[in-house]
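J.: Given next are the chains, with one letter for each unit.
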Amino acid sequence: MEPFPPGATATYGDAPIEGTTVFTGTRSQQGYRINKLAMSLTDPANRAAFTADERGYMHKYGLRQTEMMLIERRDWSGLIAAGGNVYLLLKIAGTVGQSLLQMGAQMRGETLEAFLHTRPGKAGGAGGRKS
Amino acid sequence: MARIVGGIGCSHAPSIAHSYDKGQQRDPMWAPLYEGFAPARDWLSQLRPDLMIVVYNDHMNRFFFDAYPSFALGVADTYPQADEGWGTRDLPDLAGDSRFAWHLARSLVEDEFDPAICQEMTVDHGIFSILPLLARTPWPAPIVPIAANVILHPIPTPRRFFRLGEAIRRAVAGYPADLRVLVMATGGMSHQLHGPRFGFTNPQWDNEFLDRIEHDPQSLTRLTHQDYMERGGAESVEVIMWLAMRAALGTSVRRVHRYYYAPMLTGYGLIVLEGTAG
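Protein sequence lines, in the order shown, are assigned to chains A and B. Residue numbers for the first sequence, in this note's numbering: 1 to 131. Residue numbers for the second sequence, in this note's numbering: 1001 to 1278.
No lab work stands behind these hints: they were computed from the structure. C-beta atoms are modelled at their ideal positions from N, C-alpha and C, and glycine is treated no differently. Be aware that a few hints might be false.
Claimed, not checked - Estimated spans, in silico, between C-beta atoms of each pair:
| no. | chain 1 | residue 1 | chain 2 | residue 2 | range |
| --- | --- | --- | --- | --- | --- |
| 1 | B | Ala1277 | A | His59 | 53 to 63 Å |
| 2 | A | Asp75 | B | Ala1277 | 51 to 61 Å |
| 3 | A | Thr66 | B | Pro1154 | 57 to 67 Å |
| 4 | A | Ile17 | B | Arg1180 | 39 to 49 Å |
| 5 | B | Pro1028 | A | Gly7 | 46 to 56 Å |
| 6 | B | Glu1110 | A | Ala52 | 46 to 56 Å |
| 7 | A | Ala81 | B | Trp1043 | 41 to 51 Å |
| 8 | B | Arg1106 | A | Pro16 | 34 to 44 Å |
| 9 | B | Thr1088 | A | Pro120 | 24 to 34 Å |
| 10 | B | Asp1093 | A | Thr66 | 19 to 29 Å |
| 11 | B | Glu1110 | A | Gly13 | 25 to 35 Å |
| 12 | B | Arg1254 | A | Glu54 | 28 to 38 Å |
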């Protein structure tokens, strides 16, 4: 039995999905330096070192000038475009005192307040459903 | 002989961990979630399984892209909590069962699954965010964790997860000790955490998935990763891990409980099932 229509595969090809940057091998290679730095922030000593001297820390991980500037600007959309993985970018955000909600609002081009207004749980009436 | 006595499919999310740690069990936004999970906790406390096999994913805490396993099986006797970048939570480590886990390793390889075998493994919110909603400490039973790649494409296919569940079922049946085993899979329902589509949820699709995982799980193996990402958001593709739990229960199931709630960034889903095929 052919499970998929002709030409379709279970694994992701490169077909675009609107508003979405699928984390493929190409992106992982592109963002490797950024992601490796972010991974190191799972160690509290490394978080302290990054906080004390961001530039120096980024040099140690061999980041390119453009990548360093994206981190310094906390430019989450730019970091995604540069191959950053969101689960790793979240560690950078946490270390510099930003939340996932703040990251998300920025990536949508909204203020945090405007974004929260779009959420059922904040606007009231989300409602749980049991069945 | 060991046997599978039940299955749980549920979301995992850092937000659940945060709400738990902040004591928001009665907060208007969070209370429905805790109430929705309570029947599962009651069921689990009566079931008293001897062992829990948990299929989940690590979020760049134990494994990195230098060497990223498609499947990683823990064979340790203890699994400490991972520091995800903001310190660990005040929760006890997970106990393991290395004897069963090595049996599972051998049985999976015999079945042509070849996981990375991990004698040291930290575990992140993939298990720790949801466990306190399902059980009180001390944790009710040892855990055997199976971490899957659902982040770096190409990720294993939906059908592969279904077959993993079938292989888990065979491994349990082939274990000589009389263990009663719970199989659990955690993975977020609709959500997207990056880009202009950040915050996307699709409750209609999530509820269709809950219907189909119970009644027609094979149909979910005929969807592509692209289908899952279009319907539920890029990061929601991880919900395919639930197929392993469902397949482990056998062909027919009885639903014990189901719950769904989507107040913020994701659909928090839960299904509790018992196999009826013997």
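J.: Which of the listed hints are not met by the structure?
T.: 3, 10 and 12
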